[in-house]
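**Q** So the chains spell out like this:
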Amino acid sequence: MSTLILLLITGVGLGALYFLVASGLSLIYGLMGVLNFAHGAFLTLGAFVSWEMSRRIGEGTWLTFIITLVIGAAVGGVFAALTEFALIRPLYNRHIEQVLVTVGLSLAAVAIFEGVWGTDPQYTKGPEWFTRTTDVLGAQVPNDRFVTIIVAALVLLGVVLFLKKTRYGMIIRAGVENRSMVTALGIDVRKAFTLVFTIGGAAAGIGGVLASHYFGYVSPALGGSLLIFAFIVTVIGGLGSLAGAAIASVVVGVLQQITNFYWGVGDFVVIVLLAVVLLTKPTGLMGKTA
Amino acid sequence: MSPDNIEPILRVQGLRAAIDGSQVVDGVDFDVPATGITALLGRNGVGKTSTIKSIIGLITRTGGTIELAGERIEKVPTHKIIQRGVGYVPEDREVFSALSVAENLKLAERDEHPNRQLVDELFPDLVKRAHQAAGSLSGGQQQMVSLARALLNNNKLLLVDEPTKGLAPKIVQEVAQALAIAAQSVPILLVEQNLAVVRQLAAGAIILSGGKVVHRTESAADFLNDEALTQRFLGVQSEGAVEQSAETTSGGML
Amino acid sequence: MSPEPTNTLPSEESTGERNNTSAVNTVDKVARRVRVQPARSAQGPRSKVGAWGLGLAGLLLMAALPLLNISIPGILPTPTYQPGSLQLLAMCMLMAAAALSYHLLIGVAGLLSFGHALYFGAGSYGLAIILNNFGLPLLPAMGLTLVVALALSAVTGMVALRVTGIPFAMVTLAFAQAGSVLVRRNPGGATGGEEGVSPDAAGIPDFLIGVANTRNLYWLSLLTLLIVIVVVTWVQSSRAGHVAAAVRENELRVRVLGLQPYWAKLLIFVVAGVLAAAVGMVFVLLQSGTVPRQVSADFTITLLVMVVLGGVGSKWGAVIGGVLYTLLDQRLSAFANSIAVESLPAILHVPLSEPLFILGALFVLVVLFMPGGLTGAVRRLRERLSANSAAKRN
Chain V
1 MSTLILLLIT GVGLGALYFL VASGLSLIYG LMGVLNFAHG AFLTLGAFVS
51 WEMSRRIGEG TWLTFIITLV IGAAVGGVFA ALTEFALIRP LYNRHIEQVL
101 VTVGLSLAAV AIFEGVWGTD PQYTKGPEWF TRTTDVLGAQ VPNDRFVTII
151 VAALVLLGVV LFLKKTRYGM IIRAGVENRS MVTALGIDVR KAFTLVFTIG
201 GAAAGIGGVL ASHYFGYVSP ALGGSLLIFA FIVTVIGGLG SLAGAAIASV
251 VVGVLQQITN FYWGVGDFVV IVLLAVVLLT KPTGLMGKTA
Chain C
1 MSPDNIEPIL RVQGLRAAID GSQVVDGVDF DVPATGITAL LGRNGVGKTS
51 TIKSIIGLIT RTGGTIELAG ERIEKVPTHK IIQRGVGYVP EDREVFSALS
101 VAENLKLAER DEHPNRQLVD ELFPDLVKRA HQAAGSLSGG QQQMVSLARA
151 LLNNNKLLLV DEPTKGLAPK IVQEVAQALA IAAQSVPILL VEQNLAVVRQ
201 LAAGAIILSG GKVVHRTESA ADFLNDEALT QRFLGVQSEG AVEQSAETTS
251 GGML
Chain A
1 MSPEPTNTLP SEESTGERNN TSAVNTVDKV ARRVRVQPAR SAQGPRSKVG
51 AWGLGLAGLL LMAALPLLNI SIPGILPTPT YQPGSLQLLA MCMLMAAAAL
101 SYHLLIGVAG LLSFGHALYF GAGSYGLAII LNNFGLPLLP AMGLTLVVAL
151 ALSAVTGMVA LRVTGIPFAM VTLAFAQAGS VLVRRNPGGA TGGEEGVSPD
201 AAGIPDFLIG VANTRNLYWL SLLTLLIVIV VVTWVQSSRA GHVAAAVREN
251 ELRVRVLGLQ PYWAKLLIFV VAGVLAAAVG MVFVLLQSGT VPRQVSADFT
301 ITLLVMVVLG GVGSKWGAVI GGVLYTLLDQ RLSAFANSIA VESLPAILHV
351 PLSEPLFILG ALFVLVVLFM PGGLTGAVRR LRERLSANSA AKRN
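First to last, the sequence lines map onto chains V, C and A.
For the first sequence, the residue numbers in my numbering are 1 to 290.
For the second sequence, the residue numbers in my numbering are 1 to 254.
For the third sequence, the residue numbers in my numbering are 1 to 394.
Treat the hints as calculated values from the structure; they're not laboratory data.
Just so you know, not all the hints are guaranteed correct.
Unchecked claim - One-sided and incomplete, this derived list gives chain A residues near chain V with beta-carbon spacing under 10 Å: (1) Ala178; (2) Ser353; (3) Pro371; (4) Leu374.
Unchecked claim - Over the 12 Å line for every Cβ pair with chain V, so calculated as not near, a few chain C residues: (5) Gly21; (6) Asp29; (7) Thr35; (8) Ile56; (9) Asn104; (10) Gln117; (11) Gly139; (12) Ala178; (13) Ser209; (14) Arg232.
Unchecked claim - Have a look at the derived ranges for each label pair, beta carbon to beta carbon: (15) Arg89(V) to Asp120(C): 33 to 41 Å; (16) Tyr262(A) to Val269(V): 27 to 35 Å; (17) His349(A) to Ala243(V): 44 to 52 Å; (18) Ser138(C) to Leu4(V): 46 to 54 Å; (19) Gly264(V) to Tyr262(A): 30 to 38 Å; (20) Leu161(V) to Leu328(A): 42 to 50 Å; (21) Leu144(A) to Leu161(V): 58 to 66 Å.
Backbone N, C-alpha and C fix where the C-beta goes; we use that ideal spot for every residue, glycine too.
Based on the provided sequences and hints, a complete structural model is requested.
**A** Below you can see the structure in the form of structure tokens.
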């Protein structure tokens, strides 16, 4: 029983990481029709810059950790905004070229990361509390999992509030449904594009910082390995649906943890789930039926 | 077509537009007078909706000039054209189903002081359902939202595409009334298949066929009373036998 | 008075999509932008003979390279008769062949697959495993591998092709990921996990083993490339190829004509998969081994980059892209370690010493500024030159 609790919580923790990456992917695809392969690079850069910063101001304190979260968000957001402005915007409405350009960017970015930081993993150090565990119904849960879940939940809350309460949030919600009609109301959707990329990038950056503590290290390959699962989560949840991404993240994370622990086939199961969803409801659990 | 002393609000010359390589608008010329309702008529698939869409740039134009209130707009992006004072009511309504009625309207507000009072008076039902998700509304109510969006702002021109499509007769009347009231303050270019409504509302009419203008009239009523003309251009016999088209699919999605 | 005629005709067909981001349609709609270069569009018989002659001469030259002593410093590490260059050139040709098989999928059939590496891996891993565990001689082992690859691409294709566009891309990605994971797990010790696997030399004829015999592997690679070119050309001009290309342009129209797009697409998918496997088999012989990366999404993306660099939709684009990419990838490290670059300040030195950075950046530039890739640019240049000379003549 306690094992199950542990698996459940760590599964949700893993799902939280996936969500931080998938939320951006989902919104970007829903609004802009762009499948952003460079999303992992936003995550990795956020993780690396934060790690560098934390080394300089003193690892292992709560203050440093919080600062790294802010830096991760900022770095991810800025990188994403620049990408949208310089690479995506010039290719307006040419969706395949936009996807290709993000592929090229991810290749180049990972190469630079390897050049600057090397290919070996660099170990991270968070507040000492992270290394301890808390007893939950008999299960010894590593504390950093809680932080991951809470931060991801806060990000989800923040994004939902933004979408529901601000004008740009309304524009994005409408645009995900019907972009041309938003334009036909006299609204310039391109600003919403940059905004969505920035938000997605910031969430990915935060995800990078949290991942570096979750896995214990940063490396140039960090973003890429998470990205594949984030894609899977996004598609299962329904491209363009934030709620779908959230639900799918938890389902996938928990499923992966449980099946990995007992039978070692976690990765497979997730992939089979993707195939099943795609063949029965290609638009995803909460996607619009086209 | 317009009275000599008032400029037409919209002047279209040689308009061409293509979708996926096929030329759907193939050299269209007409003027829309600065007052009243002008009907855009024609059989299925002749390019009425495409003409409207290409005027505001939702479809790629391949040629021609368009003047809105005397200013050329071919190179102006869609959202800027709308900002200059165009209200667009699309075929199939296209309300945002995930947003509430109030949000749908708020999104459409462009001016500092939108015509809230007018809209609330015309569509009391929408006031009641302000917080209801637009996707859960009936077809008629969605059409009200779509119309309200266009009436909220002070526009120079309204482009209205088949507002009565698929609606019950009572709602059709409500829509027609709303349009008639709106036309008191803003000119309307109205695409309509329901000829009774056209007869009721329209002053002038422009008839399309094969992506081109084939007939113009300053009196829609006279045109519709002329059996020979309506048969020739609309394929409709006035004895009540309606010509069925081979295509019965509705172009948009429900 | 006659009753008012009311027209109850259904509305005019609105053909524009109201939202460009409808998931299922996006990639389809945009894949149509890829236009297959008309094979020999406006060429008369004389230039066709000329093209054939040129091709034959090129083939003979390539075949003769191991016997010649040509040096291209900077590009080739050694003179052409030595194994260093032969290994590099063989790899270039194999990658060109792999890129060609991908071109069949994406350029001809418009199927954006992220899992093509799976079939390449089926060839390389398959051959190695069969040689190591079943003691078959080379040719039967190759035959068996191809059969396995055929079955694999047929089964995965049948499942994946039930969807299109982005879902299709994701399913193929998922399958390749599954293969990659499987291979890394090293079931039964057969795949060697992260280290990869090498084929046991016992089953391979002597003339294909050893550095001294690199030239034989070179010729084998050349033969492979040739076969792939022939097969791709044949499929492209076959009925299935035409149907698939038409589907790429407008699937609805094809269905209305009563043709079955599914089978044409499946056929192309399977052919592309088998070709990739064939290349993979020769690859494992050339490299004396294979690693999990060859089954990964990374490798498929590599193929994608090759095809786009060369120009999507063009056979020769895929070949050129494959050769160029491989040359850059292999030789850039040498370039980066050269004194000239080492002495540059770090901010230039670091990116330039990463071949993937240069390739990625080049790829981005090509997509932004050179749609149609290298072959597109060459074509436009040729058009402009002939327009200039025509203008001069007038």
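**Q** Examine each Cβ of chain V, and state whether all of them lie more than 12 Å from the Cβ of Gln117(C).
**A** Correct as stated: the minimum Cβ-Cβ distance to chain V is 21 Å, above 12 Å.
**Q** Quick check on a hinted range of 27 to 35 Å for Tyr262(A) and Val269(V), using CB atoms only.
**A** Given range 27 to 35 Å: holds, Cβ gap about 28 Å.
**Q** At the C-beta level, are Ser138(C) and Leu4(V) separated by a distance inside 46 to 54 Å?
**A** holds (48 Å)
**Q** Is the nearest CB of chain V more than 12 Å from the CB of Asp29(C)?
**A** holds (24 Å)
**Q** Per the hint of 33 to 41 Å, is the separation of the Cβ atoms of Arg89(V) and Asp120(C) within bounds?
**A** holds (39 Å)
**Q** Given a cut of 10 Å on the nearest C-beta pair, is the interface hint for Pro371(A) held or broken against chain V?
**A** Cβ of Pro371(A) sits 7 Å from chain V, so the hint holds.
**Q** With 12 Å as the threshold, tell me whether Ser209(C) passes as away from chain V on beta-carbon distances.
**A** holds (26 Å)
**Q** So Arg232(C) supposedly isn't at the interface. Is its beta-carbon more than 12 Å from every beta-carbon in chain V?
**A** Answer for Arg232(C): holds, closest chain V Cβ roughly 34 Å.
**Q** Is the interface hint for Leu374(A) satisfied, with its Cβ closer than 10 Å to some Cβ of chain V?
**A** This hint is violated: Leu374(A) lies away from chain V, its Cβ roughly 15 Å from the closest one there, beyond 10 Å.
**Q** Minimum Cβ separation between Ile56(C) and chain V greater than 12 Å?
**A** violated (7 Å)
**Q** How about Ser353(A): closest beta carbon in chain V under 10 Å, or not?
**A** holds (6 Å)
**Q** Per the stated criterion, does the least C-beta distance between Ala178(C) and chain V lie above 12 Å, as a non-interface residue requires?
**A** holds (19 Å)
Checked against the numbered hints above, the structure violates hints 4, 8 and 9; every other hint is satisfied.
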